[in-house]
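A.B. asks: Spelled out, the chains give:
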Amino acid sequence: MNSKKEEENVVIETASRIMIPFIQLFALYVITHGALGPGGGFQGGVVFASSYFLYIVVFNIIEGKKRLPESVYTTLSSTGLCIYAGVGLLSIILSFGMAQYLNYGFIPFTSHFEKNRSLGIDLVEIGVGITVMAVMVSIFFDLAGKEKKDKGE
Amino acid sequence: MTLTVESIKPALALACPLLAALLILLSSRRPNLRESWTLIAGLFQFAIILSMGPVILLGKTVAFPFLTGVLPGVDFGLKVDAFGLIFAITSSFLWILVSVFSIGYMRTLKEHAQTRYYFCFALAIFGAVGVALSKNLMTLFIFYEILTISTYPLVAHEESPEALFAGRKYLAYLLTSGVFLLAAIALDYSITGTTDFNPGGHLTLASASRPFLMILFLLFLLGFMKAAYIPFHSWLPAAMVAPTPVSALLHAVAVVKAGVFGVVRIVCYVYGTNTMQELGLGVMLASLAAVTMIGASLFAIAQDNLKKRLAYSTISQLSYILFGVALLSPMGVTGAMLHIPLHGFMKITLFLCAGFILAASGKKNISEMAGIGRTMPVTMLAFTIGALGMCGAPPVAGFISKWYLGLGAIQSGQMIFLAILLIASLLDVVYFFPLIRTAFFETMPSQELLPGDRGKTVPVFPGKPQRLEASRSIYFLMFLPLSITALLSMLFCLFPNLFYILGLARVAVRDILGGL
Amino acid sequence: MVEWLTAEISSKYNYWVSILLMLIGFYAIIAKDNLIKKIIGLSIFQTAIFLFYISLGVVRKGTAPIVSEEMILKGYAYVNPLPHVLILTAIVVAVATTAVALSLIIRLYEEYGTIEETEIIGAIKRKEADQDRPAF
Amino acid sequence: MTSFVEHLPILIIAISLFSALTILVVGWFNNRSCIFIFWLTLLAQFIMSLFILNHVLAYGPIHYWLGGWKPPWGIELVVDSLNAYILIILLFLSLACAIYSKSNIEHELPGKRVSFYTLFQLLIAGLCGVTLTGDIFNMFVFIEIFSISAYALIAARGKIALKASFTYLILGSIGTCFFLLGIGFLYSITGSLNLHDLSILLPPFYDNKVVKAAFVFFIVGLSIKMALFPFHTWLPDAHAFAPAEISAMLSGIMIEISTYVFIRVSFSVFTLEFLKLLPVFDILCWVAVAAILMGSVMAITQVNLKRMLAYSSVANMGYIMLAVGLSLSAVESPWGGLNPALMHIANHALMKGCLFLAAGAFIYKANLWNITEFRGLAKKMPYTCAAFVIAAISMIGIPPSVGFVSKLYIIMASIEIKNYFFVAVLLISSLLNLAYFWRVIETMYMKHEEGGRSSHGSHGTSEEIPLGMLIPILLLSSLCIVMGIVWLGKVPIPVLDQVNLMFGLGKVP
Amino acid sequence: MTMLIDFALLFLVIIIAIAAVTLKDLLSATLLLGAYSFLMALIWVGMQSVDVAFMEASVGAGATTAFMIAALSRMTRWEKK
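Residue numbers (this note's numbering), protein chains in the order written: chain A, 1 to 153; chain B, 1001 to 1516; chain C, 2001 to 2136; chain D, 3001 to 3509; chain E, 4001 to 4081.
You may find that some hints are simply not true.
Partial list, derived from the structure: chain D residues whose beta carbon lies under 10 angstroms from chain A [unchecked claim]:
(1) I3010
(2) L3011
(3) A3014
(4) F3018
(5) A3020
(6) L3066
(7) A3213
(8) Q3498
Listed below are the simulated EDC-like cross-link pairs for lysine to aspartate or glutamate, each with C-alpha atoms no more than 20 angstroms apart in a straight line [stated by the list, open to error]:
(9) D:K3447 x B:E1159
(10) E:K4024 x E:E4079
(11) E:K4024 x C:E2128
(12) D:K3112 x C:E2119
(13) E:K4024 x C:E2119
(14) E:K4080 x C:D2033
(15) D:K3112 x C:E2110
(16) E:K4080 x C:E2116
(17) D:K3159 x A:D142
(18) E:K4024 x C:D2033
(19) D:K3212 x D:E3273
(20) E:K4080 x C:D2130
(21) E:K4080 x C:E2111
Each pair of labels, with its calculated beta carbon distance range [claimed, not checked]:
(22) D:P3494 x B:G1280: 38 to 48 angstroms
(23) D:L3467 x A:S118: 51 to 61 angstroms
(24) C:G2113 x A:S118: 50 to 60 angstroms
(25) D:L3040 x A:E114: 36 to 46 angstroms
(26) A:I18 x C:G2113: 33 to 43 angstroms
(27) C:L2005 x D:G3504: 36 to 46 angstroms
(28) B:P1211 x D:L3467: 55 to 65 angstroms
(29) D:V3303 x B:A1419: 54 to 64 angstroms
(30) D:G3158 x A:S71: 24 to 34 angstroms
Hints in this document: simulated from the structure, not taken from any laboratory.
For each residue, glycine too, the CB sits at the ideal point set by N, CA and C.
Assemble the whole structure, with the sequences as input and the hints as a guide.
C.D. replies: If you want it as structure tokens, here you go:
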């Protein structure tokens, strides 16, 4: 029974192995082009997370957890948010209290104010994307988690 | 017209019991220390309060503002005037005596939770003296409620179902009355913008419509339910389950006196005698008082339990005070003011006697007390003095106040009031006399098994009269205060100006009505 | 009357649909016993509100923004691409709520073995009656 | 040039988020240190809030434009005296609950410490956000943030709490959806979301039906969130079965924050002129009166202490909303305008915080839930019981406690508008409070355990809770008295006066 | 023409919403909810709010559905009554 199932899954596994990188690539595209077109950190993050959903659905949750252990996604989610909130703080710190929170123009990436601003926004988008990805995956693990671990084996 | 002296003395006087309460809590494991705090605080407080007497007699008032300006026109502050000082002197002096008595009583009966007892007692005195020294109704209300809450654990001290029921009844009545009082104060404030006590009153006919003022007076009257007038008196006999010193506190010193004190404040210092007269409220109050005086006396006759009988006697006696104020005549008001301390001294004598009898012999009911005058002669003598005072017989203090009350009734021109006063006094005789007769002139039944009262009775050997009073050294602590109060009750008749009391009453009446 | 109605419907059909959807969602929240169904209802309800918001943006493109001259003089110009951004946030919030609700449902199922509300309440009541204290 | 203090509002929110994440990460390595991060953050936030209050009182409101974008395009944080006041209450109570939670959570949810503190910190971030923001949509987002954290925190205990949390989730979501709809209506009319901006743009449309509908949506949505009488059904179970410090937060500050939002929306967005067009506030008064009576009566019937306290919260929300309802018509100086409402918000936070923490202490020590089980408790836990009594007395409204002061002010306000029915209801409700609190006190102090009296005098049986839990309880209970005296002495009134001045309430001096 | 598509989509959305609420099979209901979200996203594309549509498609139709299926995998599939 078990072996049969595995055989059946070959097609799906292969297909997903091919698809997942593309999904992730697309997610990265969405994240980085948030400021210009539709999309952004959040959507990209969700799309990125959905590649993991696919992985978990096709293989199983144990495999999924091996790929992305709890410690990793917890750290990722905090790192992402640290980037997001930290950039905001940086703008206060680097301008010595002149600029407001989230006023990215004051972060000296380049000498150009507006460029700084767009770079800052990109950074924030990346932060958001990482966080959303991690959080979505963690939610999915939590929801689908325990029972399968018990029954699946 | 009256000069105000700013002084910290009122605040100090209040701080004494509060500090004592804290110290009592802290030294809960060392009974001797704990009880000495009470006594020390009591002595200090009495000294401070008494020291204000001469100043007040000069017609000045002593004030201590501590929180100004919360509601415009209402400062939370203390102000001592003649009338307030009378009450303050009474309660602070009696606190010392009752404390001494308590020590003996509680130790003899090995009562539980003594720390709580002394703590609440100190708080109750804090409340009572606060009521006496309050500058306005708002401040008075605060202390009034503190008094209510802090006496609850005392009433329910025994923690038996009966005591708990009594405690609940006590709270239900008194906090409900507090609610009425708050409503009345708020209404008063909303129409006049002040709640200060003025000797002439601050409510006039101009401030609101007649029905409004009458309803307001009714609310105030309901608010001072601690005065235990007749339809709302039943909490007082119920509270008799408390230990006897507590009953003494409730009946003679703090609680009920705070009630009557409040009513007098309302009549003389909020409404003013003129407004009362014009509204016809005096007659109403007098009728209420008359009904209570006579009704409570009749109830008292039917009681076998000594403390219950004394409770009804208290209800009746309190109404003398209401009655005196309701006469709205100088003499009547003087009588009422005098009756507050004088009744306090007499009633506390009676209660301490009852408590001593209970502690020493375990007897609660009058029918069991046959011949007790032989085993406890001095106690019963003191009791007799107190009882005589209640009836208004000359060598005891009660005579003075009744004399003034009678004069007041004549002064107000309504002879029916005088008649009521006489009838009530007669009834007093009727319910006290049998007790004295039983105690002194009936012999003890030969074979007597003492009621197993709370398992703490001291055995009395039948048939052999024995001086119980001196049998144990601790009894001295109970024996002493009741002798002092009995003695003082006599002295007040001879020297009514002891502790400045008559003088203060005169000053107060002069302020209110412009002299006797 | 009919014309008014058709005019009303054809000009504001988005709103009518969104209100209809809200009612459907609300019905599910209130009337359905199943907790998952309640969540579905909640999702529908929320999405309907988003539809309402988006419709606002569309209508505003056709009509003039309601701004008086006085306000323009004061320097307030009101053409605002905000609602879209708002809905993005609101969608995030909605999915978060759903996730929390789902995890609650899972734990409820583990605890009581059912996801029907009345049965859960019944179980709690029974337990309380047994122990004479809260089911803890 | 912005002064340092002007950065504080955003920092309060930001460090709250930061610390939530830090706790999560640090929790992986060492879950004992979480609590210290949590404490430090809260302490820092509390100190910041003091600075903010000082700044606001001295120099006027702080307007902070996030990202340097000017409103109405950007998001704005506005701190005026109302926010600053609420913020201090919020952070103070959070601090007390945080200190309390160390021992309690170790005992109650040993395995979930890290996630508990993370969520707690998020809850505080959300509450701070709601308080500080000057943008109505932002408000919605923060409301959802703290609500979601609250759902999770309530459910932390499992079993019955799960059901309570789910009910709250459904009703809360409906409430916030209504709020969102209200925002949508307003936006469709004005095209702005900034609170101040809206108040400038709205006046021409006051008789527009859409604006009125928006207002009604706000009222209904927020009534659900603040558990006003007909919508209170979620509250008792949610408050009763959450961990103690969360109950304290829920009752003490969370529903009050919803009230704050209501005040903010009514007075800052729809200004006085609009409110005077509609009889909404009069209706609100009557609803609040119903809430007071209903809550008190239901509280009397409860056996479970925490559920009783929860119903008492329903009644207290009634007090606050009654005070808000009266704020339009009562103008005389000390009790006019929003004074009584704001006072009661602070007072209720103190009292309910203390009561719930004490109730949690009983559960912590002996798993005592029902009032009948409290026999002789005063002997075992003297300090906790004393604190409980003080807070209970304050709830009843015995002077000079805080409860008395707010009750007095609401009564005076009702008298001013000559509605003696409200006065009667307030007074009756204080008697009802007496009825249900005295039952507890009596059981704790006056009744004995089975086999009981023999253990008198033996002091060895004292089973007091750990100091970390005791200190916040004692702190809050002593503040119940101290603040009462402070209120009577009129000390914090300048803040409230500024609020009234800002909204044009009360008598114009 | 666009209006017609709009009408069709809106009509479909309502039908699907009703179906999602009434179906006894929770898994089907969940999937219908995903479809509902997706159609909603289409409608929003028609209203020129691509950004929101993208979000709804990824989050509403994607993540939410995934979560619900994950949750359903741990409990009963059928609604009682």
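A.B. asks: Enumerate the violated hints, using their earlier numbering and listing them in ascending order.
C.D. replies: Numbers 7, 8, 11, 12 and 20 - these are the hints that the structure violates, sorted from lowest upward.
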